[in-house]
Amino acid sequence: MLKHRVIPALLLQDRGLVKTRKFKDGKYVGDPLNAIRIFNDKEVDELMVLDIVASKRGQEPDYSIIEQFAGECFMPLCYGGGVRTLDQAARIFDLGVEKISIQSAAISNIKLISDIANRFGSQSVVVSIDVKYNWLKQPRLYQSSNRKLLKQDWLEFSQSAVNAGAGELVINAVDRDGEMCGYDIELITKITRSVSVPVIALGGAGNLGDLKKAVHAGASAVAAGSMFVYQGPHRAVLITYPPYSELENLLEFDNE
Amino acid sequence: MISILDYGAGNTNSVVRMIEKVGGKSQRVSTPGEILNAEKLIIPGVGAYDHGMGQLHENGLIDALNIVALEKKIPILGICLGMQLMCNRSDEGSLPGLGWIDADVLRFSPDHLANLRVPHMGWNTLNISKENALLPLSETERRFYFVHSYRVTCNDASDVVASTHYGEDFVSAFQRNNLVGVQFHPEKSHRFGMSLFRNFLEANCA
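Going down the list, the sequences are from chains E and U.
Heads up: the first sequence runs through residues 173 to 428, numbered per this note's numbering.
Heads up: the second sequence runs through residues 4 to 209, numbered per this note's numbering.
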């Protein structure tokens, strides 16, 4: 029986692991390699590591640390941050990473999605869709590298990313990042009805019930940051991940 | 020593690391001479069928592969696209496969898929139908990471080792003598994958 994937999403800044709230105020939560080792021991379904400053600063991906991550992961690893060219992507895949998540580069050059998909397969390209509400409470496509709300419709962009060859999308609700108040179910429902590829929900998960709700709304996989690095109301840093049997009961696919 | 075929269609690094983790030694091979010297061979692979077959042709590897598979009969493990290339053909491409196993690679049937998405991506279980060296029936807890858009169907049911369900049952592992193929990614499947590689290291014939 296939189970919906549950993916810790780790944020990298200057070789440290941080956790943001609403994409701001990154708080240091530990050494990324140590965290990855713990998640590996806990047999997580998949891991996502996003460098949140590489694109912002126009930096190259930090290949040496990515290689160290890949060496510790005996499950699929998705890397995102600062990837702008096919050559950079090729170098990262060669380090032992399965998937690359792109956003800024896909917004400015949608052909990058096709270039990577044609050479490495659609399953290797994840496009990250960040959505933030404007003052009229309308959902807008958000470019995190320059903190701008874009004019382009977020659903249209999602569909063009899939048409260009994205094998998976991440839908991330910026206003819920780090808030642990539940996923944005409306965004998940809309995007999963608009595209045929798997969608990973991100932004807002606080407990197992939230994961289940996202899956019921159509998400193929659920990702979370705070929920897996914080414990308790005072946000004490503690890396956790539920036992597989618990997740299996919670998130079994309707597979018939 | 396990030889891992590096033919420009997939990530060999994860396989190298997994073999190292279970205490084995591996080397990447990419020429006919290296293939002919291999004691055990792994054919990994991701991406499109014709790209994979095209790379084997372009690098002049087909004859050497046929010799080690069918004449020398060394243990060979095909992973994901590597498994599919061992079959006759695929709906995904127009180039014929290696044809080592009498099997075809087909689309998932839309009738069975209903609201399921393609690719089939994530952790799924196996239903093992016959005793074999790599996936012994005695190991009861087992799950593997899958990511694929096409599925294998065997024309000779006796080749089927395991099936998996996604809308319909498909062949997730097959074996004919020294040739084994698995649709999932054991190199990305935690201790369940480690156990498969350990069994491949220890197996006299696959």
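Because the hints were derived from the structure by calculation, they are not lab data.
Cβ atoms here follow ideal geometry from the backbone N, Cα and C, with glycine treated the same way.
Some hints here could point you the wrong way.
Stated by the list, open to error - Heads up, simulated DMTMM-like pairs for lysine to aspartate or glutamate below, C-alpha to C-alpha not over 25 Å straight-line:
id: 1; chain 1: E; residue 1: Lys-199; chain 2: E; residue 2: Asp-186
id: 2; chain 1: E; residue 1: Lys-214; chain 2: U; residue 2: Glu-144
id: 3; chain 1: U; residue 1: Lys-24; chain 2: E; residue 2: Glu-424
id: 4; chain 1: U; residue 1: Lys-28; chain 2: E; residue 2: Glu-244
id: 5; chain 1: U; residue 1: Lys-24; chain 2: E; residue 2: Asp-347
id: 6; chain 1: E; residue 1: Lys-384; chain 2: E; residue 2: Glu-358
id: 7; chain 1: U; residue 1: Lys-28; chain 2: E; residue 2: Asp-266
id: 8; chain 1: U; residue 1: Lys-76; chain 2: U; residue 2: Asp-107
id: 9; chain 1: U; residue 1: Lys-24; chain 2: E; residue 2: Asp-213
To be verified - Examples of chain U residues lying across from chain E (beta carbon under 8 Å, computed):
id: 10; residue: Asn-14
id: 11; residue: Gly-50
id: 12; residue: Met-124
What the hints assert, rightly or not - From the derived model, a few chain E residues whose C-beta atoms are all more than 12 Å from chain U:
id: 13; residue: Leu-205
id: 14; residue: Asn-281
id: 15; residue: Arg-291
id: 16; residue: Gln-324
id: 17; residue: Ile-357
id: 18; residue: Asn-379
Starting from the hint list further up, note which numbers the structure goes against and sort them upward. 3, 5, 15
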